[in-house]
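Enquirer: Residue strings, one per chain:
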Amino acid sequence: MSKRGFLNSLSVGKHLFGKPKTTCYPFTPKEPALRYRGFHLNDWDTCTGCGNCAEICPNDAIEMIEIAELESVPGMKNERPRLDYGRCCFCGLCVDICPPGSLRLSRDYFHTHFDTDTFVFTPRDDKADQEKFVPDESYSVLKASLSHRKRNYEGFSSDLDYALFEPERVPMPEIPPTERKLSFVEQVIGYSKEEAVHEAARCLGCGLCEDACPAHMKISDYILAVYNDEPEESLRKIYEDNPIPAICGRLCMKHCEDACALRLRGEPVAIRWLKRFVSDSIRDYKTVLEQAPGQPTGKKVGVVGAGPGGLSVAYFLRLMGHEVVVFDELEGGGGMIRVGPPRYRLPLASIDKDVDYIASLGVDFRFNTRVGKDVSFEGLRQEFDAVYLGVGLTKSRSTGVDNSEKCGLALDFLRKNKTDRPTAVTKEIVVIGGGNVAMDVAREALRLQQIQHPGEKTVTRMVSLEDWDEMPATSEEIEETREEGIEFNPAWGPKKVLLDDGGNVKGLLCMKVKSVFDDEGRFAPTFREDEEMVLEGTMIIEAIGQGPDFSFVPEGEFEKMEFTAMRKVSVDEDGMTSLPGVFAGGDIVNINLDAVTAIADAKIASEGIHRWMQSK
Amino acid sequence: MDRNQLMKWIKAPTKMAHKYSLNAVYFCTGCGVIEVPPTITSRWDAERFGVVPTATARQANLFLITGYVSVKTLRAIIRTYEQMPEPKYTVGFGSCTINGGMYWDSYNTINQLDKYIPIDGYIAGCMPRPEAIFVAVTHLWTLIDKDMADGYKRYRKNYAAYRANQEMILGEMEWPPIFQTEVATAITEREG
Amino acid sequence: MTNPLGTRLDATFKGVELRSGVDGRLAVVVPREAIVPVLTFLKEDGYDYLQLISCVDWIDRGEFELVYLLSFYTEDEVGRDGGKQEVLLKATVPREQASAPTATGVFAIAEPHEREIHELYGIHFEGHPRLTPLFLDRDYEIPPFRKDFDTKQYVADVFDRVPPIDEEG
Amino acid sequence: MRELELYFGPQHLGMVGNFSITLKVEGDRILEATANPGYLHRGFEKLMEGRSWIKNFPMVCRINLVDPDHMEMIYAMGVEKLAGIEVPERAQFVRSIYLELARVSSHLFGLWAYANMLGFDTVSNWAMYHRDLVLDLFEELTGGRVYHIYVWPGGVRRDFPEGFTDRMVSTLHSIGGCVPDYDTTFFNNKLFSERARGVGVVSREEALAMGGVGQVIRATGMKYDVRKVDPYAAYDRVPWEVHTRDDGDAYSRICVVRDEMIESVHMIFNLIDAMPEGDVYNRVPNPLKWKIPAGEAYVRCESSRGELGLYLVSDGGEKPHRVHFRTPSYAHGLAILEKTLVGANIADVGNIMMSMYVVAPEIDR
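Protein chains in written order, with the working numbering: chain A, 546 to 1161; chain B, 1144 to 1335; chain C, 12 to 180; chain D, 8 to 372.
FYI, nobody ran anything at the bench for these hints, they're computed from the structure.
From a predicted model like this one, the values you see are computed outputs, not experimental measurements.
Check the hints yourself; a few may be wrong.
Said to hold, decoys possible - Here are the computed lysine-lysine pairs in the DSBU-like style, where the Cα-Cα straight-line distance is at most 35 Å:
(1) A:Lys688 <-> B:Lys1296
(2) D:Lys298 <-> A:Lys564
(3) A:Lys566 <-> B:Lys1158
(4) D:Lys197 <-> C:Lys158
(5) A:Lys951 <-> A:Lys918
(6) A:Lys559 <-> D:Lys197
(7) A:Lys963 <-> A:Lys1041
Next up, chain A with everything else stripped away, as it sits in the complex (with noise of 0.2 Å):
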């Protein structure tokens, strides 16, 4: 260590004649990266107000509060994330579990007050708010702050790869179309322990799905549940509001999933197929649920009709101590879901599970018996204390064109596949109509041609007014009827069944559709004259709709029931119709025609006849 060692280091001079290393901000200003984590940035259009980002947060900086003009909807609601910059460590937990993507960091972060109130900010993004975010030209640093931001200043944001949810759903195990046509076995085969732990696992419990849910079932609790690989409390859970969830678990319109957080950039959590797999995997209900119906009230109630809606009925009321009569003309319970839906979606077996459980509960089921003809309706009202009108929609219509007749309708094909002596099926068949009803038909006689006639050339068309995008069935259902390998005619409309000479049916002849609603939305379907097309087929069956028969109430009752302008039954907030003492639910009151709004229903009723009946 000579003396040059002190010398030396002046050489560190050059120094002096470089560039200045400093960066003078705020007069030469410096980018932050395309990453920087920011303040916050939220699209109020595409958030859902689900509350994920509050729960993640782990300072709980994040409150969700009410905005007065926006308004909830199943799937949004009208809550949004507020942020407490006194607590954020702008860490972007909340920006990477954000299911929609809504919510992400800005590269803006200049904020200086002396008054700790403005740091509290609900975010918005410039879409929406144009004062705060102000354009480049009169942008200022020095004014920059929470209410003056720059726009299009996107920083830290959310990236499928990364996010802290699971947007794919665990595939669900199916026959194959081409084997699943030849046969009516269940086609969906249902998720094994494990991939329903590992499907429970994908839900955020951020409860959407419960507001979505006519009969706000409690979603994520029982979802939790099976998470917690606990089948009998998730079944607990679900029993509180729904009497039948193996039905249930295969045939809902599924709502909730509709308003699943995770639909807008994944797939929803197949909430329909866990309940399912609940249902399925506990054998026998009554060990599990010692459910004990309540003191005997000496109340006794009648209930017409043993689908969702009289099932719930029945069993809400036994739970609170009431006797219940349940009458159906079928020869099982379920009523339109026992009739309806094909074997291979909702095995009888299903049905009967969630039925027998009901009866086990000490409600008197009275099936083979048809009220009207068997039980006259007066004769219910003096008997019971209180009567439910559960009946559903029915009568199948017909299209009432010349030789329809000769066609069969819908729900006779369906109900008599369903006995043991199903119908006899010709090799070429014809369905009118565009509905889901329409798609069970025409699946369920290919499979009938398929086993009456082994081996020979089939042919299964549909014809419907409604074009692709119009037909009322779920894409679900239009898709797997495709893959069948069913042929579509859209907006072609039924003009006249053509007969040979020995008066048995040959074709249909059809024409072009030119439009089906009128401006106002109503159905009133327009054709063209000119163009018509002729469908071989030696079997025609109609299915463009079902209406409720009312046959059994008497005509002097008929005029005091009140009906709406959708020619449904009208009932008060306890659903209750205009003829005391007689309630009703389910299709004949609500427009869902599905089974949990019909549950839903039967909730209210209930209720209100537990409340009638003590008033009296």
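Given the structure of chain A, go ahead and fit chains B, C and D onto it with the hints provided.
Expert: Just chains B, C and D, lined up with the frame of chain A:
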């Protein structure tokens, strides 16, 4: 910037000179101190704004409280703050001084700092960047111009309340109250 | 236990229970009194590096579990020389009037660890040179790291009760 | 001479960080020193018991403010070991590059502190300027300047943005280019070496007895580095060697730091060349209800200050049951510092403390 406005220099030279020579006391109170060295060294160079770290509280008039304040540090902060000559300004760095930040549920950190000593300005961030610190300094200038940076006057006026809060947390404090209430009110009147 | 160290430990101490090692570490459970003798034995055996003394509060079992983690300095590039591996010495201490013998006699580094555990868990270490407070300024009736001390409740009782300074006039 | 008690308190020009030492002094010589930490105690481990596994991530990197990345890494390794998550190959390389970059940035901070302490302002300005260039790289990679929250159980949070490796290489070359200047003005400068030689000598026996790690024992000639002894991430796939010095004083400690910094830069270049393609994140189950099976794990990694250990206990719930960080400054700042200060003079307190790289929040957690 109003650096070249001559009139201001003539009208209130002490305030202007005071504004451009903010000496920050060299006390690293919390985890925000990691952003102070880059600010005072060559890359960002806070000296362009007149902010220079000084050794002791006696020569300082700016107190940067960087980050969360634990109970033991609160004692040191209050002591340092009270040793600083007036006029003095305090700036709270980051979320922890505003509403507890990440350690809002910790048994050893205080949540709102302005319950114990007056704060003239908070900077958002966890940790505020050097650029945010410079913009905050410009905001402090405007506050000083408008005489709104009056933390120390508020401290003197409500000293009893501040002292009470401090003793609620720190128990007995080993130095007596620095303002007898009569003396404090006398100074405030004189200053008007 | 084919583990060489395990057999030697069995030979010298009777109340020693050996558990399978957690990822290559031998877990040795000893009664409270046997801590210092086992530590000295291990130190002579080459485990000269006491990494940490930790304390786990098993409140449902009503006991503290003191964990002494012993390792060794090695210059060997590959790591394990001569088959040695780290030892996890565990001893349980009852929660009421918890006390344990000090290890400062054997390892000098034990002194701050034990002071910290004394302050945060309330375990008294007999024979410790200075059990004065290390971190905390305030005194807490329940030592803060115990499971029955609820921080959120404490913040609500103490810090949130301090009134904000309201500007009179 | 009369004995005096001097508070080398939290507010002191010679003190970097919030830490205080009470010195019993006779004239200029220190008779007895008692470290007095606790100014930065937030009860980390208690707070972490109240948060679920993923929520602890933003908190864990705030334990050591100079080198937050090794804290994230050690917690990620602990959680992965307990939950049995494997990390994709490329993520191991990304983690190693990220950690070596963090080591360079934290060594530069140490160099700033030490040079500033001894009055070498030119060197400290350079060091902080170069560190700021590294922080720009971090900001581009992770989105945060100091606290990156980038290492994640199951890999890392985002992959390299394109063109990042070239910018990183060019920045490191520009820093490497200044090494001769650092040497002439600081390391080989007689002014500094006279000031640091023979100060704060820690013999190997003392260091080992008091649990010294990292630079403190590497300066006594012992080749002990966790990246070699217990390799993690991609450290065993790239050739590199451990640097040591022999006489255990402040000068050799800071020279070990200098060699390690250069070694890290070379290691980054090798890692970049050997880095495979592929994804960098193996998705973790839903964090809101992620339960980790009961068990305990002890993981180690070599942080810039020495060996960092984490003892993690899970009782099968959604939150950790017990977290205990064994930080290098714990041994250096309390046991070894108190012992080496005895006999030194007051002016050297900062010198010794900074050469041992003591960081206050690591002690109090």
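Enquirer: Where does the structure disagree with the numbered hints, that is, which hint numbers, in rising order?
Expert: The structure breaks hints 2, 4; every other hint is satisfied.
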